[in-house]
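> Here is how the chains run, residue by residue.
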Amino acid sequence: MSMAKITYIENSGSSHTIEVANGLSVMEGAVQNDIPGIDADCGGGMACATCHVYVKEEWFDKLIKKEDGEEDMLDMAYEPNKFSRLSCQVIVSDELDGLTVSIPSKQG
Amino acid sequence: MIKTDTLIIGAGPVGLFCVHQLGIIGLKCEVVDNLDKIGGQCIELYPDKPIYDIPAVPECTGEELTNNLIEQIKAFKTKFHLNERVEEIKKVEKKWITKTNKGTEFESSSIIIAAGVGSFEPRKFPTKEIEKYEGKQILYSIRDKTVFKDKTVSIFGGGDSALDWAIELSNTSKVILVHRRDDFRGMQASINKINKLKEEGKIEIYTKYQLEAAQGKEKIESINIKRDDKTIKKIKTDYVLGFFGLIMKLGPIADWGLNLDKKTVPVNTESFETNKEGIFAIGDICSYPGKLKLILSGFHEGALAARGCFKYAKPDEKYRFEFTTSSKAVKNRLGVEE
Numbered sequence: 213m214s215m216a217k218i219t220y221i222e223n224s225g226s227s228h229t230i231e232v233a234n235g236l237s238v239m240e241g242a243v244q245n246d247i248p249g250i251d252a253d254c255g256g257g258m259a260c261a262t263c264h265v266y267v268k269e270e271w272f273d274k275l276i277k278k279e280d281g282e283e284d285m286l287d288m289a290y291e292p293n294k295f296s297r298l299s300c301q302v303i304v305s306d307e308l309d310g311l312t313v314s315i316p317s318k319q320g
Numbered sequence: 041m042i043k044t045d046t047l048i049i050g051a052g053p054v055g056l057f058c059v060h061q062l063g064i065i066g067l068k069c070e071v072v073d074n075l076d077k078i079g080g081q082c083i084e085l086y087p088d089k090p091i092y093d094i095p096a097v098p099e100c101t102g103e104e105l106t107n108n109l110i111e112q113i114k115a116f117k118t119k120f121h122l123n124e125r126v127e128e129i130k131k132v133e134k135k136w137i138t139k140t141n142k143g144t145e146f147e148s149s150s151i152i153i154a155a156g157v158g159s160f161e162p163r164k165f166p167t168k169e170i171e172k173y174e175g176k177q178i179l180y181s182i183r184d185k186t187v188f189k190d191k192t193v194s195i196f197g198g199g200d201s202a203l204d205w206a207i208e209l210s211n212t213s214k215v216i217l218v219h220r221r222d223d224f225r226g227m228q229a230s231i232n233k234i235n236k237l238k239e240e241g242k243i244e245i246y247t248k249y250q251l252e253a254a255q256g257k258e259k260i261e262s263i264n265i266k267r268d269d270k271t272i273k274k275i276k277t278d279y280v281l282g283f284f285g286l287i288m289k290l291g292p293i294a295d296w297g298l299n300l301d302k303k304t305v306p307v308n309t310e311s312f313e314t315n316k317e318g319i320f321a322i323g324d325i326c327s328y329p330g331k332l333k334l335i336l337s338g339f340h341e342g343a344l345a346a347r348g349c350f351k352y353a354k355p356d357e358k359y360r361f362e363f364t365t366s367s368k369a370v371k372n373r374l375g376v377e378e
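As they're listed, the protein sequences go chains U and E.
Position one of the first sequence corresponds to residue 213 (the numbering used here), numbered consecutively onward.
Position one of the second sequence corresponds to residue 41 (the numbering used here), numbered consecutively onward.
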């Protein structure tokens with residue numbers, strides 16, 4: 213199975229680099245590996261905004277663009293900025309090998 | 041004190057179907073939910089989104105599913121206690137005594153927790169220093185709109201709640217609407233109305249701004265809002281309203297002595313009982329090997345938990361399995377003709 217290295221940086225600064233299988237979401241990679249700070253209350257349905265992450269600037273434009281509903285949900289996220297994404301909507305692929313995301317201080 | 045066989049916490053689809061399963065085996069129950077309506081996440085998070093994986097229902101929305109479940113349990117005339125959150129539980133002899141934040145008390149021989157990811161609560165402003173104004177001049181819901189008359193009200197948010205209140209309060213208050221981006225996600229008719237009010241000078245709108253700080257001694261006097269490009273604007277205001285939707289919080293359930301695994305409650309898969317005798321957990325809140333967070337799994341879990349409640353409600357009777365197609369007793373309970 214193809215994997216990509218994804219780096220999650222907690223608000224405290226601690227960093228976790230994990231191999232996540234292609235096809236999983238960045239949210240699932242975090243939850244399955246017990247990375248703290250990504251709650252994903254709705255389970256990946258783009259319905260809750262508790263898997264909010266900040267994508268590292270140079271990676272932001274390489275991601276598949278947001279669907280309409282994602283921007284709406286980000287209105288509800290905790291301290292969103294222009295690099296905000298819902299990690300359940302970012303699907304891991306070879307192109308994302310090396311992706312770095314930061315986790316907000318809390319999810320709500 | 042309300043006496044019943046089983047208290048269900050959570051009026052989402054799984055709690056609703058569990059009412060049915062308790063009802064057909066002859067147990068009484070009451071339901072508590074912190075939301076102001078029945079339906080849980082289905083009604084709060086995705087009332088209009090189609091669901092495709094309910095067995096024998098090729099497609100339905102969260103709202104339709106909720107309405108069908110309400111119809112299915114109509115015969116049991118179940119009492120729902122909405123806008124109430126269960127705070128405390130304690131065991132007195134063989135009964136569980138449950139108390140809500142409104143002071144309602146229940147005595148039941150079992151409790152079924154069908155609380156999803158917890159109770160829905162308003163999302164708050166991230167700014168820590170404003171906490172002292174919360175509940176006074178900073179509000180997340182409106183009980184009495186007359187307090188805003190002839191005052192300046194700053195409303196934050198881009199959805200229907202923010203837009204509807206901005207429109208409503210613009211009749212009697214000075215309204216300032218602040219949103220983090222240019223697009224509003226409310227209904228188009230509301231957006232048009234807002235733009236019209238802006239042209240008429242009845243509403244001020246600031247987009248790409250978020251709340252940065254608040255000033256004032258006893259009461260709030262002004263706030264700073266910060267733009268994307270870091271420019272800060274100071275606004276005089278009497279009230280600040282935030283409409284950022286709801287977030288789910290596990291809340292008091294965490295303090296009941298139940299085993300917890302992350303935010304879920306481990307159960308046995310025979311009856312969905314937790315580590316506490318007579319307390320069951322079903323739906324998204326329970327966990328066990330192979331758990332799927334699907335509504336259909338929650339229905340199964342509720343069916344087994346209901347049977348698990350039987351021995352606590354009727355310790356001297358033996359539970360007999362019966363089909364709805366053939367059992368006279370079950371049909372009587374459902375109020376259907378032979």
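None of these hints come from the bench; they were simulated from the model.
Even glycine gets a Cβ: it sits at the ideal position worked out from N, Cα and C.
Hints are not guaranteed to be accurate.
What the hints assert, rightly or not - Only part of the chain E face toward chain U is listed, based on derived beta-carbon distances under 10 Å: (1) E169; (2) K214; (3) F284; (4) K333.
> Return the status of the interface hint for E/K214: holds when the least beta-carbon distance to chain U is below 10 Å, violated otherwise.
24 Å, violated
> Is the interface hint satisfied for E/K333? The criterion is a beta-carbon contact with chain U at less than 10 Å.
Constraint on E/K333 satisfied, holds at 5 Å.
> Should the hint that E/F284 touches chain U count as held when the rule is a Cβ pair under 10 Å?
5 Å, holds
> Have a go at the E/E169 hint: is there a Cβ in chain U nearer than 10 Å to its own Cβ?
Because about 14 Å separates E/E169 from the closest Cβ in chain U, which is outside the 10 Å limit, the hint is violated.
Hints 1 and 2, counting from the list given before, are not met by this structure.
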